[in-house]
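If you read the sequences in order, they're chains A and B. Residue numbering for the first sequence follows our numbering, starting at 660 and increasing by one per position. Residue numbering for the second sequence follows our numbering, starting at 18 and increasing by one per position.
These are computed hints drawn from the structure, not numbers from a lab. Hints may contain errors.
[Unchecked claim] Okay, derived cross-link-like pairs now, DSS-like style, lysine-lysine, Cα gap no bigger than 25 Å in a straight line: (1) 230(B) <-> 762(A); (2) 21(B) <-> 62(B); (3) 987(A) <-> 962(A); (4) 144(B) <-> 843(A); (5) 943(A) <-> 21(B); (6) 991(A) <-> 90(B); (7) 228(B) <-> 762(A); (8) 1077(A) <-> 90(B); (9) 144(B) <-> 905(A).
[Said to hold, decoys possible] Simulated coverage check for chain A against chain B, where a stretch passes if three residues somewhere in it have a Cβ under 8 Å from a Cβ of chain B: (10) 854-861; (11) 919-930.
For each residue, glycine too, the CB sits at the ideal point set by N, CA and C.
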Amino acid sequence: MANPSAVCNGHLHHHHHQKQNNLLKSGIYKKNGITKGAKKNGVSNGTLYKKTFIEHFEQAPMYVAVLTFLGFGVGTIFGYLRDFMRACGLEKRHIAAEREEQKDFVPLYQDFENFYTRNLYMRIRDNWNRPICSVPGPQFDLMERVTDDYNWTFRFTGRTIKNVINMGSYNYLGFAETDVNALKTVTRELQKYGTGVCSTRQEMGTLDKHVELEQLVAKFLGVEDAMVFGMGFATNSMNIPALVGKGCLILSDELNHTSLVLGARLSGATIRIFKHNNMQSLEKLLREAIIYGQPRSRRAWRKIIILVEGIYSMEGSIVRLPELVSLKKKYKAYLYLDEAHSIGAVGATGRGVVEYFGMSPDDVDVLMGTFTKSFGAAGGYIAGKKDLVDFLRTHSHSAVYATSMCPAVAEQIIRAMKCLMGLDGTTQGLQRVRQLGKNTRYFRRRLHEMGFIIYGNDDSPVVPLLLYMPGKIGAFARRMLQKNIGVVVVGFPATPITESRARFCVSAAHTREMLDTVLNALDELGDFLRLKYSRYSKSSHPELYEETRLELED
Amino acid sequence: VQEKEELIEEWQPEPLVPSVPKDHPALNYNIVSGPPTHTVTVNGKKCINFASFNFLGLLDNEKVKSAAQASLKKYGVGTCGPRGFYGTFDVHLELEERLAEFMRTEEAIIYSYGFATIASAIPAYSKRGDIVFVDEAACFAIQKGLQASRSSIKLFKHNDMADLERLLKEQETEDQKNPRKARVTRRFIVVEGLYMNTGDVCPLPELIKLKYKYKVRIFLEESLSFGVLGERGRGITEHFGINIDDIDLISANMENSLASIGGFCCGRSFIIDHQRLSGQGYCFSASLPPLLAAAAIEALNIMEDNPDIFQTLRAKCERIHKALQG
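Work out the full structure: start from the sequences and follow the hints.
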């Protein structure tokens, strides 16, 4: 197995390499993606990466950027026009207004802050917050809602749109299911414990279920100890302040999630940002920090901690863990890895990016993750050495002030993890992980062949498809719904203003037929809306594809 | 360059976490086996439970459990997404409607974690440069919300209206020096209905008078008073007989009286709708598992159908207070 794939991959790399040289000559440059990555993997860092690391961040042709800005410009002009008409009274005011008695209070919202919301977001608002009325599995039922006044208000017609293919929910391993057998233990625990806990961890809130769950999580990840919390967002925002404080330095990736940013801000430490997944930028910051010390006093930093995520949810890129760990060891910094999307989704047995790169969990100081995505439950965990977890048990804000996890939810995580580890006697867990890997690679390959611009690593189940223009955001989501496929579209401010995208989340529960339906629909829609911006479609090298396909279907 | 390499070699960071002594009082948790209802088994011993916030005793109610079971069969456990991306279930919408109806406000919004409710609500309205007057004994979640908002915080002595009025007067004189800035600086008072740290009630009628006199908005945190105070459990506004529209925002968590998990904010649509796009704990976090939402709806049903449980609770509290005070 190893040898033929090495040759294959070498072959593939060679072609990539050549292609880039041609492009560089013709003056079209690329972002920190294929060019540097491919060269490094081929030559100097061949020893660091045990498998090839292929990420794509293709840039669209210039005319696309121009048209995008034009689209936003037109929207803004109309926005000003509408605001003017509303102020004159020519048009009806749809938004709720302040109370009569409080009209002379200082206004709660500045008009300008809400300009974007009022004029641009309102037009395409029907693509978000779509209510569903079934389990969020590979297919779900949407409640039909219509608007009579251009998205200012909605009403439900009472009908449901059945069996919409779900490409939006974070259901990577397909554990969001209602199969009675699978949920047997959860039903039992719900009957025994009830729904709430009504207490914090340090008071009466630690149930035996929590202890069982923590031990299982520690075993799953291969670390000494773990601690679980009731909410993933709160895990970050309440524990980072416990670990770092004033006089420490936080180096955080450009595209980190809001929970990490909030936790870093609440801690009071100094924050410096390095370019997304860019190890040179990080190294520069590390050297500067150690050499020059704190900004005014020049004293040495107490600690330096690096905050990164396993898979970035908007880009689909995977963190460059081997280089990061070697940097961290060289400069004696600490590493905090947020595996919200990658736990369960990557790695040969679903243990996250640490396993994906073949590294040991001892290399990462703080392993954090959430149970919402791959395990179909809710909550978060932090795992690592026993000292770390003991410290968090005593000093974390969450342990003292926040309620613990619901026991039925804890049982769902326990059964999902046991399934993944094979402790329930079946190989179902491993099958799910393999199915997810196959689905991911198939989906990404077909999208590349069709000519869409896709961001991210070839192995990440988060697939962002670039739309760029604001008008296409609304059109894409609505037409996909008409074809009975539910997608998620994101625009500004979650992404840079010119890079609106549709984000697909591949799941192990998707069958080949479902993926094919989606791909055919995308093909048609791509031609209709002219979304196929990519200048290199892979279909020009069919013989390469035959080889890689053989390698995967073993 | 040689010097730089030396500096890098020499630098020693602190250990990631200081070591915790083995006998730290908070290190070894009391492990509760079985459901934490009125009698609990703590570390193997059977005890009467005076520690959980199970005010209405709904934690082991059969109706609540069966509602949760039905929801589990239909929806599974998790929602696999935030509210914006297919994480909105019909149970969430139903719970929001029911809560708004129960509290007699226009709209309600649900969060998936009690702590995150007030900690996300405050920074959504109050930004850098705004002024917040907050009671000294405010709970930790409020403190974190204030820290995240970066506004200027003015503490007044616990339940001392004279102190608060003094601070407001000082602010008024400041405003007169700079009227332009004053016109855009938002002002808020954040108080709790029933204080977690001291156990007493805030003097709401006086606060309302101060609100209209000095033009400040009030945010009321009712985690402990929801389902406890008031004739039908609507909280401190019902207890004092105040028009609920006078309070700008009421925030509560469902983890005490409602025996579920999560939190909600209610108020007029003008105020609540803003949180749907700018409440961090709402937009960037997965939504509440539907079985917990269904349990909360059932608990609300019980609260509405049996208004005498609040009388019972109050009678028991008075009895204990009398007995302990001697």
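Each hint tested on the structure:
1. The straight-line distance between the Cα atoms of residue 230(B) and residue 762(A) is roughly 14 Å, inside the 25 Å bound, and the hint therefore holds.
2. A distance of roughly 61 Å separates the Cα atoms of residue 21(B) and residue 62(B); the hinted pair therefore is violated under the 25 Å criterion.
3. At most 25 Å may separate the alpha-carbon atoms for a hinted pair to count; residue 987(A) and residue 962(A) meet this at roughly 12 Å.
4. With a C-alpha separation of about 48 Å, the suggested pairing of residue 144(B) with residue 843(A) is violated against the 25 Å cut-off.
5. Between residue 943(A) and residue 21(B) the CA atoms are separated by roughly 12 Å; this keeps the pair inside 25 Å, and the hint holds.
6. About 50 Å separates the Cα atoms of residue 991(A) and residue 90(B), which puts this hinted pair outside 25 Å; it is violated.
7. Only pairs whose Cα atoms come within 25 Å are accepted, and residue 228(B) paired with residue 762(A) is accepted, the gap being roughly 13 Å.
8. Our distance criterion of 25 Å between C-alpha atoms is met by residue 1077(A) and residue 90(B), whose separation comes to about 21 Å.
9. For the hint pairing residue 144(B) with residue 905(A), the CA-to-CA distance comes to about 22 Å; that is within 25 Å, so the pair holds.
10. Chain B is given as covering the region 854-861 of chain A, and this holds because 7 residues of the stretch bring a CB closer than 8 Å to a CB of that chain, at least three being needed.
11. Under a criterion of three residues with beta carbons nearer than 8 Å to beta carbons of chain B, the stated coverage of the region 919-930 of chain A is upheld, 3 such residues being counted.
Figure legend: structure checked against the earlier numbered hints; hints not met, in rising order: 2, 4 and 6.
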